[in-house]
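Asks: Sequence:
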Amino acid sequence: MVDNAKNFESTPKPQSPELLSPAGNWDCARAAVENGADAIYFGLAGFNARMRADNFTTADLPELMKYLHQRNVRGYVTMNTLIFADEMESAKAQLRAIIEADVDAAIVQDIG
Numbered sequence: 286m287v288d289n290a291k292n293f294e295s296t297p298k299p300q301s302p303e304l305l306s307p308a309g310n311w312d313c314a315r316a317a318v319e320n321g322a323d324a325i326y327f328g329l330a331g332f333n334a335r336m337r338a339d340n341f342t343t344a345d346l347p348e349l350m351k352y353l354h355q356r357n358v359r360g361y362v363t364m365n366t367l368i369f370a371d372e373m374e375s376a377k378a379q380l381r382a383i384i385e386a387d388v389d390a391a392i393v394q395d396i397g
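For the sequence shown, my numbering begins at 286 and goes up steadily by one.
Check the hints yourself; a few may be wrong.
What the hints assert, rightly or not - Label pairs and their computed distance ranges (CB to CB): (1) Gly321 x Lys377: 16 to 24 Å; (2) Ala344 x Ile368: 14 to 22 Å; (3) Ala316 x Lys351: 12 to 20 Å; (4) Glu303 x Asp371: 33 to 41 Å; (5) Ala390 x Asp339: 19 to 27 Å; (6) Phe369 x Cys313: 25 to 33 Å; (7) Asn320 x Glu374: 33 to 41 Å; (8) Leu367 x Asp312: 28 to 36 Å; (9) Asn320 x Arg381: 27 to 35 Å; (10) Gln300 x Asp387: 21 to 29 Å; (11) Asp371 x Leu304: 15 to 23 Å.
No lab work stands behind these hints, which were simulated from the structure alone.
For each residue, glycine too, the CB sits at the ideal point set by N, CA and C.
Modelling step: build the complete structure from the supplied sequences, incorporating the hints.
Replies: This is how it looks when you write it as structure tokens:
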């Protein structure tokens, strides 16, 4: 007979859900942080599915990530469009800026 109670007790307990909020501009980012978001996600000009919405720029990234990290909030960039061959250098430049700004994660499109 298997001791299921013992197995259950050794199973790690799930962490609390993450409160993730969209933020396309500074006002939205501040509101999300002030209202308890654990993380925000946002697009940058160029490679996100909400091009007509407000978006941050790569120039905003260092200040935005500093603001978030000082408040223990994570920042996720969306790069959720198809990237074509003629856009590859621009996409690489944006990824370099994302990495240099210490962004916590990128949300990408999966065509599969």
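Asks: Confirm or reject each hint.
Replies: Each hint, compared with the structure:
1. A beta carbon spacing of about 35 Å between Gly321 and Lys377 contradicts the range 16 to 24 Å that was offered as a hint.
2. Roughly 21 Å separates the CB atoms of Ala344 and Ile368, a value that falls within the hinted 14 to 22 Å.
3. At about 18 Å, the beta-carbon gap between Ala316 and Lys351 stays in the expected band of 12 to 20 Å.
4. Checking the proposed 33 to 41 Å range against Glu303 and Asp371 shows it holds: the Cβ atoms sit about 36 Å from each other.
5. For the pair Ala390 and Asp339, the supplied restraint of 19 to 27 Å holds, since their beta-carbon distance comes to about 20 Å.
6. Range check, Phe369 to Cys313: about 29 Å between beta-carbon atoms, so the 25 to 33 Å window is met.
7. Separated by about 38 Å at the C-beta atoms, Asn320 and Glu374 satisfy the suggested range of 33 to 41 Å.
8. For Leu367 and Asp312, the Cβ-Cβ distance of about 30 Å falls inside the hinted range of 28 to 36 Å, so the restraint holds.
9. The hint said 27 to 35 Å for the Cβ distance between Asn320 and Arg381, and at roughly 32 Å that hint holds.
10. Against the hinted window of 21 to 29 Å, the Cβ-Cβ separation of Gln300 and Asp387 comes to about 22 Å, which satisfies the hint.
11. A beta carbon spacing of about 38 Å between Asp371 and Leu304 contradicts the range 15 to 23 Å that was offered as a hint.
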